Every structure is written in C-alpha cells, then in structure tokens.
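A.B. asks: Sequences listed follow chains Y and Z, in order. Counted the way the working numbering counts, the first sequence spans residues -16 to 257. Counted the way the working numbering counts, the second sequence spans residues 85 to 365.
Since the hints were made in silico from the structure, they are not lab data. Just so you know, not all the hints are guaranteed correct.
[Claimed, not checked] Each pair of labels, with its calculated beta carbon distance range: (1) D345(Z) to S9(Y): 33 to 43 angstroms; (2) E183(Z) to E24(Y): 45 to 55 angstroms; (3) R226(Z) to A12(Y): 25 to 35 angstroms.
On a predicted model such as this, the values are computed, not experimentally measured, just so you know. We treat Cβ as the ideally placed atom computed from N, Cα and C, and that holds for glycine.
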Amino acid sequence: MSEQHTNTAASQRGRVWFEALVAGGSPVAGLPDSVQAADIELAGRAARVIAVLPDPANRFPRARNGEVGLLEGWNVARAVSEAVKADADREDKRTLIAVVDVRSQAYGRREEAFGIHLALAAAGAAYANARQQGHPVVALIVGKAMSGGFLAHGYQANRLIALNDPKVLVHAMYQAAAARITLRTVEELEKLAATVAPMAYDIGNYAKLGLLWKLLDMEQADAPTADDLSQVRQTLTAAVADILSSPRDLSCRLGAETRAASARVRQLLRAQWA
Amino acid sequence: MSKNRLSDSFIELSARERARALLDTGSMRELLDPFDRVTSPWLASQGIVTQADDGLVVARGTINGQSAVVLGIEGSFQGGSMGEVSGAKMAGALELAAEDNRNGIPTLAVLLLETGGVRLQEANLGLAAIAEIHAAIADLRRYQPVIGVIAGTVGCFGGMSVAAALCSYVVVTREARYGLNGPQVIEQEAGIAEYDSRDKPFIWSLSGGEQRHATGLADRYVADDVARMVDTVRELAAAGVPALPRDQRIDEFLALLDRIDVDTQPDSARVREIFGKGVKA
Chain Y
-16 MSEQHTNTAA SQRGRVWFEA LVAGGSPVAG LPDSVQAADI ELAGRAARVI AVLPDPANRF
44 PRARNGEVGL LEGWNVARAV SEAVKADADR EDKRTLIAVV DVRSQAYGRR EEAFGIHLAL
104 AAAGAAYANA RQQGHPVVAL IVGKAMSGGF LAHGYQANRL IALNDPKVLV HAMYQAAAAR
164 ITLRTVEELE KLAATVAPMA YDIGNYAKLG LLWKLLDMEQ ADAPTADDLS QVRQTLTAAV
224 ADILSSPRDL SCRLGAETRA ASARVRQLLR AQWA
Chain Z
85 MSKNRLSDSF IELSARERAR ALLDTGSMRE LLDPFDRVTS PWLASQGIVT QADDGLVVAR
145 GTINGQSAVV LGIEGSFQGG SMGEVSGAKM AGALELAAED NRNGIPTLAV LLLETGGVRL
205 QEANLGLAAI AEIHAAIADL RRYQPVIGVI AGTVGCFGGM SVAAALCSYV VVTREARYGL
265 NGPQVIEQEA GIAEYDSRDK PFIWSLSGGE QRHATGLADR YVADDVARMV DTVRELAAAG
325 VPALPRDQRI DEFLALLDRI DVDTQPDSAR VREIFGKGVK A
C-alpha cells in the first residue's frame, strides 16, 4: 500500500504554501494555531487566504495532524464570515482562497459527542454564503483533500485548482477503512481503483471527473520555486477573473464525459419538474 | 379490532411510502421514477446489482397546500449511500426548488436521511455530489425551510450528516443515529478505546436521536408514528425559515467548545451539561 493512500503523519505542505502566498500580508488575529488566515493583495484585489494546519499542541488530541475537527470547523467559519461581514457594503468583495491540505475530518469520541458534523457544516456554509454574497472563492489543493475535511474547507469554492503531484489526492475514505466498510480487501480496492476513475486516489484520475478547473505542474511542490509561486498566483488571478464573469453556482463542474450521468439527471429532472 | 401497530410506524415504511405520507393526500408525483431506469453507471462493473431508482425517490407535491419536494433516501439499497445518480437527483431537485423560489414559486424541501454518506464504490463522484447537495441546501434555505428527517434505522452519517446540519430543521426519532463518522470508521481510525463500534448503548447515548435533541443539535424529537411525523413536518413547513441557522451561531458554539474537558472523555450527561438547554436557561 503506498504512503499517500493511508492516514499517515502530519504534512507540512499546507503551511509551506500558506506562508508563501501570504508573505507580507496581514494575519487575521484571534484564531487557534490550527487555523491560519491572512489578508493579502492579489493582482490589485483584496484576498483572504485560509488554511487548516497541523498543531501538535491542539487541545483536541484527535485533531493534531491537520484534521478538520471542532475548533477547525468553527474557526474556518469565523475567518470566512468575518470577511463577508466586513465587506457587506462593498461592491468589490474580497477573494477567499482556501489552501487545502487536510488529511481528513477528526475521528474521535469528543468530536462525535459535541457535533463535529455541525462544525464542518459551519465552515462549508460560510464558504457557500460567501459565494452567494459575491465573493470569488477559490480552493488551491496542495496536498490531501480528504472527505469531510474537504467538504468543510474547499469543496464549496467556485473554482478548484490542484497541484499535479503524487502527494496531492482527493478521496472519500482511506483504504483500510473503506475496505472494512465495503467488505473488500485492500488489494481488491486497489485493483478496482485502477479501472474505476472515481475510486482512484491520484489527482490524475480525479482530473478526469471534470471537477477541477486547473491542474498545475510544479518544479518543487514541497518547496515552491519562484516560478512555481508565480504560476500559482497567475492561476489564482485568472480564476478570479473567470469567476467574476460567470454564474456563482457550481455548474462549471458538470461538463466532463466521465460525469455524464450527473448532467443527464439534471436535464431529466428539469423536463419533469413543472 | 385492535389497531395494527406496524401500520402506524413511520420507520417501517419505504422511502417512497414515507414521501407519500408526508405530502398532502393525492398530491404526490414522482420524478425520475424507477421506470425511467436512470441507474448507477458504476456498480455493474464491480459486480453489484443496480436499483432502478438508484435508491433515491424524488416526490413532487404539496405540504399544507404549498409547493414541495420530498427527497427520500432508501436505506435498504447500499446502506442509503450517495452515488453519482442518487446524489445528482437530490442536488438537482434542490437546485430546481431554489430556482422556483427565485421565480416567485415558494417551494420547500423535506429530506429523508437514511444514509451512511458517500457510496464508496463511486467514491469521488459521491463526495462531489454531496458538496453540490450542501451548496443547494445553503441556497434553498434562504427562501423556504429545508426539513431533514432522520427516522431510522440506518441513521445519518458522513457528508450527509453535514447536509442534515445545514437543514433549517432536523427531526429525529429514538431510533435515529446522527453523527459525522460511523462507529466502525472511528474504531478503525482511532482504536477501540476511543470508540467501541459494538457497544450499542454507548453509541446511542452520544449520537442517538434523544441525545441530539436534548443537546440542541436536533429541533424535534418525535415518536415513531406516521401521524405525529406528518404533523411535525407540517408544523415546521409552516414555521418559515429560522432567524439564524444553527451553523451561523459561531461565537456561541466557540464559547461552548472552551468548556469541553480534554483530560477525560465525555459521556452523554457531560455533553448535556455543556450543550443542553437547561444549562443555558
């Protein structure tokens, strides 16, 4: 089983990219160490960059390696909704950029007991609300975008951008747990993932589903070069321009042949609706 | 003759029967019904038999005489899991309901949530569909109530528990379980000491319907009875949208998180102390 398909140690990817993007910006105060946000200028427009990061001293032991837990969900919601409130009377709403390297949601007793599902909903709804209010929202996937973590932090974005790199992956569940739930072996799952695109873990197969807006080749995804950073900034800028001239829903994700059924269901529903 | 108890049970009904019961009598019209045969394009190649409605019932009709759509997940097909087609049926119907509202037709939605979340055999397409369901609920709930019903017996987990949390109102029964991670997944990821997936009383004490209602994470706690469920949904449909969705009470919940003990594990009583309505009063 290869490393990136399992739930292993904390990744520094998110921190490296967050710090590179916000250099010279103003940090947002009042957040825990596991949620970082900063306001920057991107090609003449204001933007708030938000990341969920590993914090070995997190009060909640099950959320120390970059998982989205109770604190993270509610604080991402706060970082997003404060920007929405601050820009309420402005026409040029600031861009929100989610830097995504989330290994999963937090799995734990405290988390279930105190409603982690609501904490994730708070973050996702905050991004959705920002999108509805006219903020361009972009997700930059630099590492793992797993399951509930991604639903809370990134999947509500107008545009999804990912680095084309072996450590970048999007999925619903790690293989060991997925095998247990579906009563298969890990080997069987690996064999299926090789032929069934939505079951694969790598970003190349994910790109076939038509959900990504751009997939970017990097020189050094772990330690971005000046060229890497400049390419990412240009792509973020282009995404904002594209968003500003398009509908603010998620309809741009429906074009791919691999996802033809998602579009067909909507056509048939519309025909039968009234 | 004594009344047949089973005929009154809501939980015993299929998704289609639940939808019919909740809509005004005679008003139900099913969209993309089993005869349309829009099935999952991903299951046959994995040796899994498809179902002609992919386990999701889209029922148009009225509630209290008002335009409504009931989206019923059939928990007996693949654990109520959300695949590409079932997910698109729910997202697409919610998108049309929001569009109705923008066109001056106030349409509300009821979601019957018996689901383990993403259908792992369609993994990333299930996850993508759930993100679209979240987007559509967040859109529609600005205009009209979106009512989530978790009756049992499957429960509501994974990304669909997040969908439930986004609903204007959540209705539960004693049989319902409602939480993010299924017990088996927590045990797999965190170990049996953290969460014992075979200890049913423990699981219900933290994620069961009664506890979720007592801790303010569900809005109505209803007996497993068709007439009471119908009355509850009608009452919530008539109540309009809440002033502030639960997920937007950010400062309040962040203050509660400060009170959570990190040296000991919580039991249901401790959660009620911190989240329960009694403490706030």
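A.B. asks: Starting from the hint list further up, note which numbers the structure goes against and sort them upward.
C.D. replies: 2
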